[in-house]
Every structure is written in structure tokens, then in C-alpha cells.
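Fit chain B to the given chain A structure using the hints.
2 protein chains.
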Amino acid sequence: MFNQSLDKLIQRKNSLVCVGLDSDIHKIPKSLLSEMDPLYTFNKAIIEATSDFAVAYKLNIAFYESLGIAGWELLERTLAIMPRGVLLIADAKRADIENTARKYAETFFTTYAFDAMTIIPYMGMDSVTPFLEYEDKGVFLVTLSSNAGSTDFQFLKSDGIPLYQSVAQKAVEWNFLYGNCGLVVGGTHTTEIREIRDTAPDLPFLIPGIGAQGGNLEKVIEYATDPQGRAALINSSRTVIYASPERDFAEAAHSRAKQLRDQINVLITVHKNPGLLGQN
Amino acid sequence: MFNQSLDKLIQRKNSLVCVGLDSDIHKIPKSLLSEMDPLYTFNKAIIEATSDFAVAYKLNIAFYESLGIAGWELLERTLAIMPRGVLLIADAKRADIENTARKYAETFFTTYAFDAMTIIPYMGMDSVTPFLEYEDKGVFLVTLSSNAGSTDFQFLKSDGIPLYQSVAQKAVEWNFLYGNCGLVVGGTHTTEIREIRDTAPDLPFLIPGIGAQGGNLEKVIEYATDPQGRAALINSSRTVIYASPERDFAEAAHSRAKQLRDQINVLITVHKNPGLLGQN
Chain A
3 MFNQSLDKLI
13 QRKNSLVCVG
23 LDSDIHKIPK
33 SLLSEMDPLY
43 TFNKAIIEAT
53 SDFAVAYKLN
63 IAFYESLGIA
73 GWELLERTLA
83 IMPRGVLLIA
93 DAKRADIENT
103 ARKYAETFFT
113 TYAFDAMTII
123 PYMGMDSVTP
133 FLEYEDKGVF
143 LVTLSSNAGS
153 TDFQFLKSDG
163 IPLYQSVAQK
173 AVEWNFLYGN
183 CGLVVGGTHT
193 TEIREIRDTA
203 PDLPFLIPGI
213 GAQGGNLEKV
223 IEYATDPQGR
233 AALINSSRTV
243 IYASPERDFA
253 EAAHSRAKQL
263 RDQINVLITV
273 HKNPGLLGQN
Chain B
3 MFNQSLDKLI
13 QRKNSLVCVG
23 LDSDIHKIPK
33 SLLSEMDPLY
43 TFNKAIIEAT
53 SDFAVAYKLN
63 IAFYESLGIA
73 GWELLERTLA
83 IMPRGVLLIA
93 DAKRADIENT
103 ARKYAETFFT
113 TYAFDAMTII
123 PYMGMDSVTP
133 FLEYEDKGVF
143 LVTLSSNAGS
153 TDFQFLKSDG
163 IPLYQSVAQK
173 AVEWNFLYGN
183 CGLVVGGTHT
193 TEIREIRDTA
203 PDLPFLIPGI
213 GAQGGNLEKV
223 IEYATDPQGR
233 AALINSSRTV
243 IYASPERDFA
253 EAAHSRAKQL
263 RDQINVLITV
273 HKNPGLLGQN
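Protein sequence lines, in the order shown, are assigned to chains A and B.
Using this note's numbering, read the first sequence as starting at 3 and increasing by one per residue.
Using this note's numbering, read the second sequence as starting at 3 and increasing by one per residue.
The shape of chain A in the complex, shown without the other chains:
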């Protein structure tokens, strides 16, 4: 039951922060470029600087596989230095028919021991179950993406129900199998996040789009978390990891991650514990 384990982890760490390691040689501080292995040095420094505040790290697989074999080696070495007690998410957005989906699941859950991964659900249930069958692993279905193109198909209504809601409804059904299904919901769509939370009250949400993409953190916390202020991972990639282009990048990432965790926790207190607020 991945979703239960995630909930315990969130409580223990008292954080909803997910740090996205979209590590890019063109964006890391110039001062690192003289290092033997600049991206590894960068990842290591960012992880050490943020692990007190992050409940999860999301590795954007595109940034690694685009480097070829060196990228997969970087991925392996990065996973090897992750501290215990954080969730490791492969943001891989894979999808295919069953026999192929099994291979993708094997890649991220066995070959690389990620705890969770992202999936595109366009191809339906039999393309998703090979991932769900790893019962202790989390499967986040891209339901409503954070980008402008999300309006092309995801908002198409069938019998009055937008596609993203049909995906959320199916995810609720599929979650009954093993209790390990979650949703990716873009933080740029605050109205829709509220609707999706109504449809899927218990599923964990992985929420990109805060920060560089402009999502409203307060609305996201109010609408996306469950009544206890949990069941959500708020991802920040560029805003945290590239908080400073200078030699102080790790300190800057530390401060930004701490600030984000604290902001979120204050917002949870404000929106989810009105009793507490009333005492002030």
C-alpha cells in the first residue's frame, strides 16, 4: 500500500516538498564546469542542501537519458547518494501496451529502484496495470498537465465530463486494486485541482507547476491537499535547484527549499486547521 506509506512519510518529515532534479549542464553554476563531473557534483550538493526539507526527489528522466549512457550513469550515482527516508520518483511519463509497459515498470522499479513513477494514461487500464502490480511502488497518472497544451485534449468534455476528470475517475477505480495510484495535477490549474480533489478525495497528488511555471501556491495548498493538509507532493524544480547561479548555489537551494516547506506548512495551518487559526 504505497499511498499509506507515503502518508506516513509525509507526517514523519512534516513536509510536502518534492525537489525536482532537472539537472542541466547549461543551467548549473559556471563555477562547477571545471569539476571532473559537474552534474554529479551539482546533484550531490543540492541533495545534501535540501534533504532536511524534501520528502521526495523527482528525477526528470529526460535530462538524464538525453546524455546517453553517461546520463544513466549519472542517474545511478545520484540514486546511490540519496538519503534514507525520502521518496524517489522517476518522472518518466512512460506508456505503452501491456508487454511493453511491463518492461518500463521493470526499468524504473527493478533496474533502478525508484519508489514511484509518472505514467501517461492515454492508452488505458491494461497499459497502467503492469505498473500498479508493483504494490509497494507508487504510480502517478498524468491527469491534468501544467502546460498550455493541456487545453488541447484534457479539457474535452464527454457527457459533460472533461477528460482529466475521466482519468481521475478511472484512477480512483484502479486504486482499489493495490492502493498505489496517484495523480499528476498541474499547479497552474487551481479551479480544476479543486474538482479533481472532489473526484479523488484519497489519492495523492504530485503537483508540478509552482514556481517557474507560475502556479499559485496558496490556492494549490487550499484545494489540492486533503482535509489533514496531506496527500500532496508540491514539486519545485528550477526555483529550488537554480536558486543561485553563483558558488552559493547549495546554500541558496537550502534556503529556498526550507522557505517552501515553511510556506506550505503555514498555508496548511491557515487553510486546514481553522480552529488553530481562530485562537490567534
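The set of hints was computed from the structure by calculation and includes no laboratory data.
Where hints are given, some of them may not hold.
If chains are identical, the list can't say which one is meant, so a pair holds when it fits in one copy or spans any two.
To be verified - Below are the DSBU-like pairs computed for lysine-lysine, each with C-alpha atoms no more than 35 Å apart in a straight line: (1) Lys159 / Lys15; (2) Lys46 / Lys172; (3) Lys172 / Lys221; (4) Lys172 / Lys29; (5) Lys29 / Lys221; (6) Lys221 / Lys159.
Everything numeric in this text was worked out from a predicted model, so none of it was measured.
For chain B alone, kept in the frame of chain A given last:
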């Protein structure tokens, strides 16, 4: 203009056959397991045995990346022995927001020099354009998949139009940009293939689902090819590459690929050149 180049290649090779290299250590002939590098030996033998009849090879990326770095090495070595004059398709089904999509495009079009790749269009136009911008590369959008789960979302109707048709309509628009957009349409859905061909008369179709998945080859040729009997790639993976589990696997693959090419060409003559048929 990828689509024009593809058309010329199809004419030159007089074949619509795409061989899918879903190479799996558990399925290749047992006799190869004593080789130093069984999967490479298998791929090499299959390519040599089928390249007279295949206009394209489709590498199912899941089968390679699930092996970790050894799999990417296998992929590289397999690409290195491909003959000239065949199209190399990365069946990767990637998708993400723009800055990430750029990295995936870089992976398959630059790091590995594939000629075309498959994409899941769920996230809309800005997730697809980074691929399309490689003007001489082909981008096949998964429109209607061959599996049972295709009914979960792809058949949902909005204003009477099923989602797969909305994708096809958008693909026609997006193809105006660079002339390099194609569609993946499962060969198991013959009625719908006809509708999609009406919507997208000029786009090339990549058609899985013939063979192991049970698609009807005659209907597919009749409905999916253009009036000249072109603009389609008929993929066969398991049926060709695992045509025999014995030492004669390469000869068996040779025969099966030749048979498939010839069957297709006869069906094209029957369905697309009624004048010729009338002379018999």
C-alpha cells in the same frame, strides 16, 4: 519534409514492412544464450535476414532501457549495424512539457540518430512541437492504440467526435508546420482506421497490432493506405523476429518478412489498383 522522404523510401523499397525489434532475452532462441552477447547476435542476424524486405525498423525502447546501461549499449551497437536506406524509428512514446520534451527529442534525434519516434500527444501542442521542430525527423503521435485499454479514454466523444479523431485533427494542423507528423493507429481497429484516414488523408500511419495482437491485414491495407497504397508502415514485431525458436530463427524471420511484404503488396494491388485486377 520527413513525410515526403518517407514516401520516396517506400517507393524505392516497394515495401510497407516495419520490423519491430522487441528483443527479449527470455524469447530469443535458446541456442543464442551461450553467445557472448546474445541480444546483439540476435538483432544482427534478424536485421541481416530481413533488411531486403523492411523499409523501417522500430526499436521498442522499453526492451533496451529495462536492461540499464547494457541495454543502451545494445541499442547503440544495433543502430551502428543498420543498413542504409531503412528508416529507424524509436518507439519511445515519450511526452512532457516543452523544456522536458526538448530533452527527449535531443535523446532520440541527436544523441541516438533515429529518423523518427513515437509520442503520446495527451499533453497537447507545446509538448509535441519540440519534436516537430526537427524538420527532417518524423513524429508519430499515438492516436488510437491497438490494446483493449484504448477504449478507456480514446473513444470518449466530445461534440460527437471521439478523442482519437480529435488527435488526428490536431495532427493534420500540426503537420502544416514542417510536414513531418504521422499517426500511430492500431491495426486492431479496422473501422476506426478508415475514419482516421478520412480525417488525415496525407499523414503517414505507423500501424502496430498485426500478428500477435490479431489485427486484420487485408482491412488494414484497404483502409489505412492512401489511394496509391502508400503512406503506411505495417509493423510486425513478435511474428517476424520470433518466427522460429530454433537455430533457423534468421531464415524463419527472412521468410516471414518476405511473406509479409509480398502479402501486403498483393493486397495493395487488389485494393488500390482495381484496373489491374480487372485485367486478370
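Consistency of the hints with the structure:
1. Taking the shortest alpha-carbon separations for Lys159 and Lys15, neither the intra-copy value of 39 Å nor the inter-copy value of 44 Å comes in at or below 35 Å.
2. In this homomeric assembly, Lys46 and Lys172 never come within 35 Å of each other (Cα to Cα): the closest approach is 38 Å inside a single copy and 42 Å across copies.
3. For the identical chains of this complex, Lys172 and Lys221 are neighbours both inside a copy (25 Å) and across copies (32 Å), given an alpha-carbon limit of 35 Å.
4. For a Cα distance limit of 35 Å, the shortest separation of Lys172 from Lys29 across copies, 33 Å, qualifies, whereas the shortest one inside one copy, 38 Å, does not.
5. In this homomeric assembly, Lys29 and Lys221 come within 35 Å of each other (Cα to Cα) only inside a single copy, at 29 Å, whereas the closest approach across copies is 51 Å.
6. For a Cα distance limit of 35 Å, the shortest separation of Lys221 from Lys159 qualifies both inside one copy, at 24 Å, and across copies, at 31 Å.
In summary, the structure is inconsistent with hints 1 and 2 from the numbered list given earlier, while agreeing with the others.
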